[in-house]
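J.: If you want the building blocks of each chain, they are given just below.
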Amino acid sequence: MSSAPKQESGTPHPSSLIPHPLIRLEQISVQFGGQAVLRDINLDVKRGQTLVVIGESGCGKTVLLKLMIGLLRPTRGRVFFDGRDLAELGDRELTQQRLRFGFLFQGAALFDSLTVFENVAFSLREQGALDKEAIRERVKQRLLEVGLPPEVERKKPAELSGGMKKRVGLARALAIEPEVMLYDEPTTGLDPIMSDVINELILQTRRQHPMTSIVVTHDMKTAQKVADRIVMFYPLSRLGADEPQILFSGSPAELEHCQDMRVRQFVEGEARERLVELARDGK
Amino acid sequence: MATATRPRTDVIGVVGAVAQNALNNLGDVALFAGQMLAWLFRRAPCRGTMIPNFYYVGVRSVPVVAITGTFIGMVLAVQSYSQFHSLGLDSRLGSIINISLIRELGPVLAATMLAGRVGSAMAAELATMRITDQIDALACLGVNPVHYLVVPRFLACVLLIPLLTIIANFMGVMGGGLVCTKVYEIDAHHYWTHARDYVGMWDIWMGLIKPMFFGSVIAIVSCHRGFNSSAGAEGVGRAATQAFVTSFIGILVLDFFLGMFFNTLYDRIWPATGARL
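Sequence order for the protein chains is A and B.
Numbering-wise (the numbering used here), the first sequence opens with residue 7 and increments by one.
Numbering-wise (the numbering used here), the second sequence opens with residue 240 and increments by one.
Please keep in mind that the hints were generated in silico from the structure rather than gathered at the bench.
Where is the CB? At the ideal position from N, CA and C, for every residue including glycine.
Errors might be hidden in some of the hints.
FRET-style restraints, in silico, Cβ to Cβ [as the list claims (entries may be wrong)]:
(1) B:L262 / A:R278: 46 to 54 Å
(2) A:R160 / B:A470: 30 to 38 Å
(3) A:G96 / B:F495: 35 to 43 Å
(4) B:A283 / A:L281: 57 to 65 Å
Chain A on its own, in the form it takes in the complex (with noise of 0.2 Å):
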């Protein structure tokens, strides 16, 4: 793993000849009051890498894609992206960064007040660098290549089914041409053909615009298919105090061989002795 070259201001040192990644997560612990989400995280991800996330509900998966694009802050640790830490930018500069992001949301989080078209274009709109003409090009395209045709444009949300909504949640995030695509469990709540769909989008997108992208998923299909880099997250419920909270780094080809009876008891889908312990908390 390269280490992000040493600094106090945050900047990228310009002598330094190791390419740093372009996402770090240094010594990460998150708690939200006296919950615990995350606990001495260290993860790097590299440019033109797509890494999948993986784990059980609550193991902090959407925390992490949060914390990587600052909408939250770590209660103890650095988030560098690019080689700038993230807690030392300004308002001003936070926001810049972050459009070089795309974030595709669970629940699509589409704008209800505003048609597909508004909410396409929305941030091209409030940035202001295109022409009404190349704005309309722009969502046409983008549009047009997560496979929605223009009569959808005049849309609200509330009129499209799950998969159009993702869809067009993709095509919003895709519109700012980011560096770094960020999938939230992006097949949940979707039938096989769609989440097949979803798949292969991303792959197209993968193709199409060269990117970062970090996918967090449950989904073991969407991992093995998209992947270049497999991290599973375990519930520090359920780990003691010295135990890592990742419990495999590595290749698909690699997850396959993992033999921790935690990582294959999710990667194989299987309950074991899962309902025995719900069952006597009660839960």
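Dock chain B against the given chain A, drawing on the hints supplied.
T.: The following block gives chain B in isolation, referenced to the frame of chain A:
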């Protein structure tokens, strides 16, 4: 690692926890208001967000405010008539109805009606946006959520609630006048002459400045509750309810202190006329 102390369950512990919670909330609201004010002066909100909010807060509130004002005036007339009639001061009814409306009842009841209608709706809408990640989505798309969502709502409330108060006051004056002159058959000339003579420009201005403060409270409290909503339908409902209750209490507290302040100010400016009670 230090162990957490168990929370006290006696009276002091409970009162202390409530007080600490209230102070935390007050501080949180103050920080939120500060953030909103900073954005208000840093960059003007765009027309695309202002106009829908102005329409919803202003135009759509006219019917309910007009009805509220009308019935306040009419009820004041009904409740005051017998006492004034027994003293032979029927023709003075207009003065007491109008001064009560313009100085107090119009601003407070119109603001209360709007806290219920506009404040609850704002809190519910923003809470729904919070739990569906739309507020986070705004931030991810390079837009500050406070600037985009809160500033237009704040401006709509501060600028339009005084105008709505004018409507409430006018309808209240008309409603009271209608009841007094048509139902109780008070002489219209004397009724309106006394009504006009007793209400001064100070009363009118104070009756319009107070709603601006009430509007600020409604906007800040409602938006804060929405932004900090807990998850689920229960969280949205709680945000809407808390927005109204907290706004209402804020309106009452502000009304008291503003009343004291303006009366003291009047006394300082025009001491010869005596303090206004």
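J.: State for each hint whether it applies.
T.: Hint by hint, here is what the structure shows:
The hinted window of 46 to 54 Å between L262 (chain B) and R278 (chain A) holds, with their beta carbons roughly 49 Å apart. Checked against the hint of 30 to 38 Å, the pair R160 (chain A) and A470 (chain B) passes, with Cβ atoms roughly 32 Å apart. Between G96 (chain A) and F495 (chain B) the beta carbons are some 40 Å apart, a value that agrees with the proposed interval 35 to 43 Å. Between A283 (chain B) and L281 (chain A) the Cβ separation comes to about 59 Å, which falls inside the hinted range of 57 to 65 Å.
The structure is consistent with each of the numbered hints, conforming to all of them.
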